[in-house]
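There are 4 protein chains.
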Amino acid sequence: MREDLVKEGEKILLWGGPDANFLTEYRVGKAVHSHRGILYLPKELRWGEGLVSSTGRVFYVIRPSNADFILRLKRKTNIFYPKDIGLVLLYTNFSPFSRVIEVGSGSGAMTVFLSNLLVPPGKLFSYDNNPEHQKTAKENLKNFGKPENVIFRLRDVYVCGFVERDVDIVIVDVPEPWKVVPHAYKSLKDGGFLVFASPNIEQVKETREVMAKLGFVAMKTVEILMREWQIRDVGCRPEHEMRGHTLFYSFGRKTKTPKDAT
Amino acid sequence: MREDLVKEGEKILLWGGPDANFLTEYRVGKAVHSHRGILYLPKELRWGEGLVSSTGRVFYVIRPSNADFILRLKRKTNIFYPKDIGLVLLYTNFSPFSRVIEVGSGSGAMTVFLSNLLVPPGKLFSYDNNPEHQKTAKENLKNFGKPENVIFRLRDVYVCGFVERDVDIVIVDVPEPWKVVPHAYKSLKDGGFLVFASPNIEQVKETREVMAKLGFVAMKTVEILMREWQIRDVGCRPEHEMRGHTLFYSFGRKTKTPKDAT
Amino acid sequence: MREDLVKEGEKILLWGGPDANFLTEYRVGKAVHSHRGILYLPKELRWGEGLVSSTGRVFYVIRPSNADFILRLKRKTNIFYPKDIGLVLLYTNFSPFSRVIEVGSGSGAMTVFLSNLLVPPGKLFSYDNNPEHQKTAKENLKNFGKPENVIFRLRDVYVCGFVERDVDIVIVDVPEPWKVVPHAYKSLKDGGFLVFASPNIEQVKETREVMAKLGFVAMKTVEILMREWQIRDVGCRPEHEMRGHTLFYSFGRKTKTPKDAT
Amino acid sequence: MREDLVKEGEKILLWGGPDANFLTEYRVGKAVHSHRGILYLPKELRWGEGLVSSTGRVFYVIRPSNADFILRLKRKTNIFYPKDIGLVLLYTNFSPFSRVIEVGSGSGAMTVFLSNLLVPPGKLFSYDNNPEHQKTAKENLKNFGKPENVIFRLRDVYVCGFVERDVDIVIVDVPEPWKVVPHAYKSLKDGGFLVFASPNIEQVKETREVMAKLGFVAMKTVEILMREWQIRDVGCRPEHEMRGHTLFYSFGRKTKTPKDAT
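Chains as they are written, first to last, in our numbering: chain A, 1 to 262; chain B, 1 to 262; chain C, 1 to 262; chain D, 1 to 262.
Keep in mind the hints are simulated off the structure, nothing from the lab. A few of these clues could be false.
One copy or two, either will do: identical chains are not told apart, so a pair holds if it fits within one copy or between any two.
List of simulated lysine to aspartate or glutamate pairs, DMTMM-like, C-alpha gap at most 20 Å [what the hints assert, rightly or not]: (1) Lys138 to Asp156; (2) Lys123 to Glu206; (3) Lys256 to Asp156; (4) Lys220 to Glu202; (5) Lys213 to Glu10; (6) Lys76 to Asp166; (7) Lys30 to Glu241; (8) Lys213 to Glu148.
Just so we're clear, the structure is a prediction, and the values are computed from it rather than from any experiment.
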């Protein structure tokens with residue numbers, strides 16, 4: 001069985017401990033430099049094997065998780081956190097065949113993650129009005145995701161809205177989400193899902209007011225706290241370090257009866 | 001465009017507000033009874049439209065989310081919470097084509113969710129030693145998931161282990177996860193992911209000790225707190241009700257060098 | 001040594017387990033009725049001893065904590081939670097000799113607690129505009145606190161403000177705290193502390209804006225989550241039940257240079 | 001009225017904003033140096049007034065809170081956090097006249113705080129076996145607390161226990177709290193309170209087992225998360241920075257019937 005060989009060009013995580021782990025692409029003979037010495041990637045590389053660096057540290061060759069990709073993206077913007085991305089899948093009807101819009105592309109964290117879960121005819125349409133951001137998102141997608149499942153559009157969505165109609169889900173992560181809501185309403189299937197992410201509670205309130213008027217229902221706003229634990233012989237305790245806040249996530253579903261009309 | 005018509009047999013969520021919403025299957029003429037009166041489902045039903053019950057309450061016809069399915073499963077056991085399920089996708093390399101083992105099937109929450117994200121040759125192998133539980137999981141899968149992506153196995157995993165080899169991910173939710181670890185090790189691809197869920201910190205510690213000896217690395221244990229917010233004209237505040245604990249989630253990746261051997 | 005005898009009229013906690021514990025006043029011969037049977041309080045009662053009820057349940061005679069008092073107050077309003085009250089002591093310069101104003105008296109939770117920490121000339125001035133609430137607060141104070149350290153005033157503080165000057169701390173728990181801020185400013189010593197408690201974030205924002213204009217500095221807003229743990233042989237885990245929100249607590253200190261004047 | 005003058009030797013907080021605030025003692029003519037320039041303290045200093053530093057930054061003269069003292073102690077050890085200290089007051093029957101034992105003195109955070117809440121005959125007995133720690137605690141107490149309310153004892157409590165009897169509360173913050181429990185039992189009044197603080201869950205479990213055998217009841221273990229909020233015109237949101245864990249706090253009350261004896 002040869003299946004456990006790493007293929008040329010595959011992404012590997014070199015794990016030398018919590019303080020020394022590197023995500024890289026496998027190339028025969030490639031030198032990986034770090035504060036733990038140099039590693040030369042051998043001609044045949046097996047998943048799970050241990051390599052020894054020039055300073056004697058063992059590095060294991062393991063498979064990167066989806067979170068590893070997200071946390072190591074090249075960044076121009078804030079990124080979605082792994083703890084939060086899962087919510088988007090659970091509180092919508094996401095499936096591999098969904099047609100999804102996201103705005104903005106940002107650094108491509110959501111783009112990369114969703115591209116890896118989509119299968120044609122599933123598709124992600126990724127909008128941004130900042131060419132620099134979208135360039136970064138494209139690079140990250142090429143490195144860590146499946147570009148064939150994504151169509152990028154450079155466009156001022158506040159003004160011009162979206163091209164697509166009958167999409168299943170619209171994911172909004174922009175400073176003024178309320179400006180996108182009417183455009184999202186037009187693009188969504190009836191009964192479809194709008195998700196938006198905002199750091200401040202005022203943005204949540206204003207956006208939900210606009211959503212309510214247009215006829216979105218089943219609205220819900222949540223925040224997530226994730227805490228890591230130290231599990232050791234000498235004792236188990238929560239980590240001292242913890243992220244106190246990332247974003248508030250809000251959800252709603254489109255109905256055909258705008259509230260103003262009733 | 002006829003695409004916004006609900007098809008016979010499709011699942012719909014009838015939304016009459018946070019205190020009155022029902023997940024049901026569309027059948028022409030079906031009567032839906034509740035404390036908010038009776039609704040008769042009409043011959044042509046459109047996504048997003050509002051139906052009026054016998055007591056005058058409007059119910060909107062919206063698409064169920066993945067969380068709606070999970071929270072309404074018929075239950076024989078505790079179930080995974082939506083806030084937690086997302087972690088499993090993020091902290092592994094899950095893709096639609098993954099080969100995944102879960103034990104136990106439980107009430108089928110994870111089974112339903114993963115089945116909806118898989119595409120052949122992706123497959124879920126769902127083990128349980130309790131025929132009653134697995135019967136419930138099968139029913140729930142038939143109602144809310146994609147049975148074609150799941151193979152159920154009735155088996156005492158503590159003793160007999162798993163049939164499959166070279167799987168990408170093993171998800172463990174049993175009272176004594178440490179007994180499953182050696183079996184998971186055999187079934188996993190090199191570099192592959194073991195995930196286990198435990199309510200108590202002692203279970204986490206004991207299981208991670210067994211994992212460390214076998215050669216799992218990059219271990220991580222986390223817990224998630226999710227808080228809903230009330231967003232209203234009169235003021236925004238967190239909900240008073242909140243779940244203080246569900247499960248601790250732990251992750252590790254298989255290497256080829258068991259620690260005992262070094 | 002007779003010191004361990006409970007004195008007639010002292011408050012005792014009868015502890016028969018987490019599901020059966022009662023706060024009462026010791027009277028010789030008193031019958032205490034509960035779902036765990038009847039207890040007759042004997043002629044000589046010792047702290048820490050076990051009494052057996054008519055149904056055979058053992059009840060231990062233990063000293064009530066400050067939290068026991070607060071959680072068992074007769075209530076007409078929401079009350080302060082023990083987890084929150086500690087903040088008020090820590091983020092002010094409270095001492096036994098402080099002169100403190102509170103508004104409103106509410107059901108007297110803060111009143112009872114502070115009265116027990118004050119020593120003359122320390123004093124609490126407790127304002128409310130609702131005679132019913134203040135009557136309840138007075139009863140609770142008489143039962144659980146030190147009435148000699150408290151002066152009640154029935155008064156519409158929004159309109160009439162406070163009588164006292166040169167107080168150390170003003171604690172505000174009313175629906176429109178911003179209306180109390182100018183009155184608090186007048187009553188506080190220079191450099192003194194204003195604390196207010198609000199359920200909604202909009203109240204916090206509006207009140208802090210008024211405070212900033214008047215010249216309060218060192219402002220700080222916090223929220224507290226408290227989680228209980230189950231510690232048992234079979235395993236340790238957080239409780240499932242948890243309070244998701246009580247109140248936001250905000251703090252500021254008076255300076256002599258109103259911001260508008262600079 | 002001259003009462004708003006700062007007295008020679010009083011502690012003041014010089015507040016130049018969240019990034020520039022200093023706790024110091026008032027001495028006429030004293031120069032306070034910082035990255036915001038030099039401040040000379042004038043002959044007459046009034047609470048609440050604004051002083052201008054050599055770089056033009058305004059510093060307000062405000063009263064330090066109890067938390068300001070605690071967070072600025074000279075440290076040799078971990079210290080109690082303000083969020084946690086309040087719990088000790090609420091979940092015991094602490095009053096200004098309580099007789100309290102603490103072990104260890106540590107850097108004196110609890111020592112300073114309690115000394116400021118005690119009034120004779122109330123007394124704190126502060127034990128430590130490390131002369132260096134206790135020296136630091138003494139210095140901090142002299143600077144920020146009331147030394148007249150505290151008696152220090154240098155002693156190995158694991159081996160020798162406590163001198164006092166009939167105390168109201170014993171507060172334990174040592175690495176092996178279970179070794180102190182039998183000594184605490186002897187020193188406590190019947191019905192009195194034992195509190196212990198531990199970072200790891202194993203310490204909690206082991207100590208509570210020893211307590212249960214000796215006859216402590218009404219046991220409770222809690223943890224506290226405190227989150228600060230940014231309240232600004234541009235939007236309100238939780239702070240990104242947050243402490244994920246400090247200590248678990250556990251409480252119990254002494255009864256006269258050791259469980260082993262029944």
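Verification of the hints:
For a Cα distance limit of 20 Å, the shortest separation of Lys138 from Asp156 inside one copy, 18 Å, qualifies, whereas the shortest one across copies, 47 Å, does not. Proximity of Lys123 and Glu206 under a CA criterion of 20 Å is satisfied in neither setting, with 30 Å inside one chain copy and 43 Å between copies. Neither within a single protomer nor between protomers do Lys256 and Asp156 lie at most 20 Å apart by alpha-carbon distance, with minima of 26 Å and 49 Å respectively. Taking the closest pair of Cα atoms, Lys220 and Glu202 come within 20 Å of each other both inside a single copy (15 Å) and across two copies (19 Å).
In this assembly of identical chains, Lys213 and Glu10 lie within 20 Å of each other by CA distance neither inside one copy nor across copies; the values are 49 Å within and 28 Å between. Proximity of Lys76 and Asp166 under a CA criterion of 20 Å is satisfied in neither setting, with 31 Å inside one chain copy and 38 Å between copies. For a Cα distance limit of 20 Å, the shortest separation of Lys30 from Glu241 qualifies neither inside one copy, at 35 Å, nor across copies, at 39 Å. Within a single copy, Lys213 and Glu148 get their C-alpha atoms no closer than 37 Å, and across copies no closer than 41 Å, so neither meets the 20 Å cut-off.
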